[in-house]
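Student: Mind docking chains B and C with the ligands on chain A? Use the hints.
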Amino acid sequence: MTEDGFRGREVPIWIFRGDGLSGEERQYMVELSPGMVVLDAVLYVQQHEAPDLAVRWNCKAAHCGSCGAEVNGRPRLLCKTRMDDYMRRNEAVHVGPMKTFPVIRDLVPDIRKNYEIARRIPPFTPAHPAPFQLWPEDVERLKEFRRCIECFLCQDVCHVLRDHHRLDHYMGPRFMLKLAELDMHPLDTRDRTPYVRREGGVDWCNVTRCCSDVCPEAIAITENAIIPLKERVADRYFDPIRDFWRGRSRRPAPEPPEK
Amino acid sequence: MNIDPLHYDVLIVGAGGAGLRAALAAAEEGARVAVLSKSLLGKAHTVMAEGGIAAALGNLDPYDSFDTHFYDTMKAGHFLNNYRMVSLYTQEAPDRVLELETWGAVFDRTEDGRIMQRPFGAHSFRRLAHVGDSTGKELIRTLEYKILATKRVDVYPEVITTRLFLDDNGRAAGAFCYQRDDGRFLIFSAHAVIMASGGWGRVYKVSSNSWESTGDGAAISFRAGAELMDMEMVQFHPTGMVWPPGVRGILVTEGVRGEGGLLFNSQNERFMLRYDPERKELSARDVVSRSIFREVQAGRGTPHGGAWLDISHKGPAYIKRKLPTMYEQFLKLADLDITRERFEVAPTTHYTMGGLRVEAETGATNIEGLYACGETAAGLHGGNRLGGNSLGDLLVFGRRAGLAAAAYAARRPGTSSLSYSSIEEERRRVLAPFAIESGENPYLIHAQLQQLMSTYAGIMRSGTSLTDGLGHLERLSERANRMSADGGLHFNPGWGLVFDVQNMLTLARAILTGARERRESRGAHWRTDYPDEDPEEGRRNIVQTLGPDGRIKVRDEPVPEMPPDLRRLFDDPVSPGVKRQREEASRARGSEGA
Amino acid sequence: MHDSLSHPSLSHQEPPHQTKAATERYFWIEPVLVGAALALFVLYSLWEVFFQVHGRYHNYLSPYFSPDLGRWLKIPVFPALWVAWVPLLFRASCYYYRREYYRAWFGSPPACAVPDRRTRYTGETRPPMVWTYFHRFFFYLSTVVVVFLWVDALHGFDFGGRFGIGLGSLLLLVDAALLSLYTFSCHAFRHLAGGNLNCYRCKPRRPRARYHLWRVISRLNQHHGLYAWISMFWVWGTAVYVRLLILGLIRDPRLLR
Ligand SMILES: Cc1cc2nc3c(=O)[nH]c(=O)nc-3n(C[C@H](O)[C@H](O)[C@H](O)COP(=O)(O)OP(=O)(O)OC[C@H]3O[C@@H](n4cnc5c(N)ncnc54)[C@H](O)[C@@H]3O)c2cc1C
Ligand code: SF4
Ligand code: SF4
Ligand code: FES
Ligand code: FES
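Those protein sequence lines, which keep their order, are chains A, B and C.
Taking our numbering, I'd label the letters of the first sequence as residues 1 to 259.
Taking our numbering, I'd label the letters of the second sequence as residues 1001 to 1594.
Taking our numbering, I'd label the letters of the third sequence as residues 2001 to 2257.
With the rest of the complex left out, here is chain A:
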């Protein structure tokens, strides 16, 4: 372990202080300890210098997805980002809130919109109640999707939302993941492809893969969720040969969009 080289050293950390209207980065000093993560540093500042420094966290172990923020411009979980990585590269540490969402205060963004989207998605609708017979092969794929900790870092980094503010057109990678999970569930009875395209707005994604890059759970959002969904859209809307081959009748009739 690289522990002791950094122990006890005082280092500066820049933290954004302010709200949606105004704010600035302020410098604080923290005392390094072995294995320190940026969240530790922020909490250190909170305890010693700025008791009202706003930050969200819960688990400190990358399980809950509360502590998403941007460190040196990169979306990251504060509790999973080590201070010594920056120290080793001799880089200053700048912490700011996620940029895509409005700021409530300091490091805390307003992410309510994400929950509004979550609420709109038609729920899992099995053909019959449990017990289910589901084989390991069939849940394997879903498992990856269900690893999501809802940190919304992917929503933060996705340029459709970050730069183009298209949350009204495109639900964003987190919810593509959710839709993929529901659509691929062996027992879900809803036909979700039209929803994925219309309400979900999957066409807005240009598969540039930043969401997968930042996902702390290392979910291959683009490869395993979005692209398969796009392929399903292709099945439905862009594949006359397939239609001819199978006949439309074998598909359940598209549902009316959810109210």
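I should point out that these hints are in silico values taken from the structure, not numbers from a laboratory.
Careful, some of the hints might be misleading.
[Claimed, not checked] Listed below are the simulated DSSO-like cross-link pairs for lysine-lysine, each with C-alpha atoms no more than 30 angstroms apart in a straight line:
1) 143/A x 1320/B
2) 143/A x 113/A
3) 1075/B x 1579/B
4) 1205/B x 1280/B
5) 1280/B x 1314/B
6) 1205/B x 1075/B
7) 1320/B x 1280/B
8) 1314/B x 1332/B
9) 1314/B x 80/A
10) 143/A x 1332/B
11) 1332/B x 1320/B
12) 1320/B x 80/A
13) 1332/B x 1075/B
14) 1151/B x 143/A
15) 1205/B x 1332/B
16) 1332/B x 80/A
17) 113/A x 80/A
18) 1205/B x 1579/B
19) 80/A x 1205/B
20) 143/A x 1314/B
21) 1151/B x 113/A
22) 1579/B x 1280/B
23) 143/A x 80/A
Bear in mind that the values here come from a model prediction, so they are computed numbers and not experimental data.
Tutor: Frame of chain A, contents of chains B and C with the ligands only:
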């Protein structure tokens, strides 16, 4: 000031597993429900649960049954449990697990397509339905999306309760809350209130709990006149992370031992063989924790004061599949590859068995209209909680409390009246910390409280340590009266902490008082001056109430007596399922011989 | 004191600019390199297609001209064009290349968490980008091309009826192999192989073979980007090699005759 209360039939404080399950049950009964939570939806402490949900589905071990589960739970709880709760729990848990599946949870599967179950400490059979090592996440995510799709439930994230209001007849009538993001005050009025606010592991220094676990619901209800029970029972989980300091206390799931992890001391001795040759590493948590503690005391601890846990013999592929989160957690936070190296673990505060005294069937407290479920409630786990029984607890008793509260709310006529003066009084109390000039720093008080509790009421206690602890606590509480806050009302953690610390001080007092009162060692409660179980002491639960003068009153409540047919189960040294299994085996052998 | 409980309502402004650390300032290196490589490849391809009349050097056939459709059909103009549009459009609609050229050429976004260079963005919602949904048809056609590539690669060992190995034969063989890897690790194929199923086992009639096929393709698919790059450079290199042979600028070393 705007004090128009928001009206609901059922108000639920807490959006962990218990609160969400209660909300679903209440909404199903037609009640309008509000769910409050200190953090965002789906982030509650429950999300961190790793191992699994204990339910006697018997998917892998057909001999498993609810009576076997009952037997294991009572035994692990050292018979302080309310047997009626245990009985309800063990019978209903399988249905609750399947229900989750209907709502979209995706459990690990067996080869024949059923829910996979894993072995866990002190369970007779493989019993924990699980999802890798992130079962709590699966549970809460499933409930979260179910709630989002349920009308009649309003979720108020980051709305924190500071006080419970009673009406003139002493019935629960509403709550005072502040909204974290803008500091606005929200007043709720409701016919029934459910406390599902989790435990208070943050009272201790080394803890696996999140910042939310400050026992607000229990403390607030206690102040309003509710009874606390079994407060001395605090579970120390044997395997918390030890190094580096930043992660100290973070949980290493029992699943590691469930999947075959072995414990060693610094002399490479597998010491659990000495302490519990029968169940070894998979002994009950109190036993393993004490064993590690003893090894460290005897000078056989690891460099940072713990024991070695080793799973590397299982091979990288297996470990990464079965314990992916653990693998990641160590790699990322401790630079350590658990597929190749052993790692240090030490006991960490994990769970609070005590809490609000409730009626088994409904979760009703002694205050009319006030219900409690989940970690906030006491009774199911007795002197020690069996791994996996908490998540099941949330589902079984969350639902029961939800149903009962909705039914009660429907019975209760009119809107609940809140007195203006009590609202105003609370508002002033909540704003007070801003008025104190150069007061105490709540972070510091919190740290000192944690130090105090770890020193005087930790894994090992004695009459003198507890009395000393109470003395110190008295002084700390006095200083805490002058805790102050800086800055504004907008998302101000320092300000919020003031109330958290007040609640924790209240509960700390109850822990010390209860622990001093119980003159024996039982389950998680280990007293050096009374090192053995005392059958007399085992017949009572220690119940505490807060007098109007602010003093704690202690009384005994007899532990509910099991009916003879259940009692008889314990005449056998092994659980009913194991007994049946052995009988069957010997019969098979007999017929083979013939 | 905090008597007033009115607060400025949350505004939806972005927080002020954050200082970027040194490593973040070099984000542009990758898109520039990628953009240049892709552009050169496209230019070279166009040159091959529009400015060259044939791609055969004895038993070697430049990959741009395989299968030699133009000659079979006796079409005199742009013989490579009759085939080359397939691999070119296959690559142009490939999920991986899309990612690369959206980043490198359009700056949408140039790199993650770096502001998009375009202010108007429509993603893949309208033509021509929405046509990328037809990617699978290019996949179908490409499989045919791959078959011919193998045939031509085998021809590369046929020196006037006698088996031999030249450097060109090896280049062509590896070329066919890499292009196969690239083609069969395609996302569209992964979908058709089994990704379109929701259940691999619940209906016993369904062959589990689909599951295993899907698993294998998924495995390959993880390296699709890598195959995309090496196969591209290999095709390029092979084409240049054959072109140089045709132009008589180099000689083909014979390794086995
Ligand atoms: C690391 C870890 C692993 C675990 N693993 C397992 C396991 O494998 N199996 C198992 O059975 N159990 C396990 N447990 C225990 C189990 O997770 C908890 O006991 C259980 O989640 C408690 O759930 P709850 O719903 O009662 O409360 P919590 O999940 O703690 O939720 C409390 C809720 O109340 C809210 N709240 C609190 N105070 C207030 C207030 N003043 N105002 C408004 N809202 C408030 C909080 O915001 C939160 O939403 C584990 C615990 C930990 C820490
Ligand atoms: S791949 Fe799609 S969803 Fe992911 S960041 Fe890029 S545009 Fe957004
Ligand atoms: S998909 Fe990954 S990045 Fe996105 S919310 Fe889930 S865990 Fe976070
Ligand atoms: S605090 Fe839970 S993810 Fe960082
Ligand atoms: S060829 Fe790249 S995705 Fe099809």
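Student: None of the hints should be skipped; say for each whether it holds.
Tutor: How the hints compare with the structure:
no.	hint	result
1	143/A x 1320/B	14 angstroms, holds
2	143/A x 113/A	25 angstroms, holds
3	1075/B x 1579/B	16 angstroms, holds
4	1205/B x 1280/B	28 angstroms, holds
5	1280/B x 1314/B	18 angstroms, holds
6	1205/B x 1075/B	29 angstroms, holds
7	1320/B x 1280/B	24 angstroms, holds
8	1314/B x 1332/B	21 angstroms, holds
9	1314/B x 80/A	26 angstroms, holds
10	143/A x 1332/B	21 angstroms, holds
11	1332/B x 1320/B	14 angstroms, holds
12	1320/B x 80/A	19 angstroms, holds
13	1332/B x 1075/B	38 angstroms, violated
14	1151/B x 143/A	28 angstroms, holds
15	1205/B x 1332/B	23 angstroms, holds
16	1332/B x 80/A	7 angstroms, holds
17	113/A x 80/A	25 angstroms, holds
18	1205/B x 1579/B	42 angstroms, violated
19	80/A x 1205/B	21 angstroms, holds
20	143/A x 1314/B	22 angstroms, holds
21	1151/B x 113/A	18 angstroms, holds
22	1579/B x 1280/B	20 angstroms, holds
23	143/A x 80/A	22 angstroms, holds
Comparing the model with each numbered hint stated earlier shows that hints 13, 18 do not hold.
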